[in-house]
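Generate the whole structure from the sequences, applying the supplied hints.
Listed in order, the protein sequences are those of chains A and B.
Count the first sequence with this note's numbering and you get residues 1 to 113, in order.
Count the second sequence with this note's numbering and you get residues 1 to 110, in order.
Check before you lean on any hint, since a few could be wrong.
What the hints assert, rightly or not - A short, non-exhaustive set of chain B residues, derived as facing chain A with CB atoms under 10 Å:
1. P9
2. A29
3. Y32
4. Y36
5. Q38
6. K42
7. Q45
8. F46
9. D49
10. F89
11. C90
12. N96
13. Q97
14. T102
Calculated directly from the structure, the hints in this document are not laboratory data.
Even for Gly, the Cβ is constructed at its ideal location relative to N, Cα and C.
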Amino acid sequence: NAGVTQTPKFQVLKTGQSMTLQCAQDMNHEYMSWYRQDPGMGLRLIHYSVGAGITDQGEVPNGYNVSRSTTEDFPLRLLSAAPSQTSVYFCASTSGWGNYEQYFGPGTRLTVT
Amino acid sequence: GESVGLHLPTLSVQEGDNSIINCAYSNSASDYFIWYKQESGKGPQFIIDIRSNMDKRQGQRVTVLLNKTVKHLSLQIAATQPGDSAVYFCAENTGNQFYFGTGTSLTVIP
Chain A
1 NAGVTQTPKF QVLKTGQSMT LQCAQDMNHE YMSWYRQDPG MGLRLIHYSV
51 GAGITDQGEV PNGYNVSRST TEDFPLRLLS AAPSQTSVYF CASTSGWGNY
101 EQYFGPGTRL TVT
Chain B
1 GESVGLHLPT LSVQEGDNSI INCAYSNSAS DYFIWYKQES GKGPQFIIDI
51 RSNMDKRQGQ RVTVLLNKTV KHLSLQIAAT QPGDSAVYFC AENTGNQFYF
101 GTGTSLTVIP
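Shown next as structure tokens:
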């Protein structure tokens, strides 16, 4: 049981480039989410999904897209990277249905120059 | 948006002492509260949770207290150990969204 995995661990992008951050979980969890964490701040919700085929926006969705074609995978796409998107990104999952214990991945540290 | 804040950004305690980390939240409609621990370079790790219809919940060496009257949440760690050194976040759940506080850095002095 690998839990929640994220790739890559580190990434450097130039302004305007696009990329996809990968997230996968093997716990058959329905609820998955993406957060960003900036220095001295807590985590802020970007997008979340309550099941395959269903996604919704969180607090800070602008500049990011998500899709959920399978229960296991929840990729986050940056369409045109900006320096303001420099951050550490965490993916999390929980079984939902009244269980709110979220399992977090190890994070992706993204730098946009 | 939601506002979940912590009273103190840093806390230092002697090994063996008890630690108390506080958190204020703003949405009285939040129905679930969680404490997370985050070690350097890692993702947050669930510690303990409490539903809004409770005022106290205990785990192993940890206790969470909820005061809905003043919208205040606290995490008590008994007999703090060096391995407890980390950043601690409170979070609240409203609907399908989680809102995190800014975190308190706990340092345990041997």
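* Go through the numbered hints given earlier and state which of them the structure violates, listing their numbers in rising order. => Of the numbered hints given earlier, the structure breaks just one, which is hint 2.
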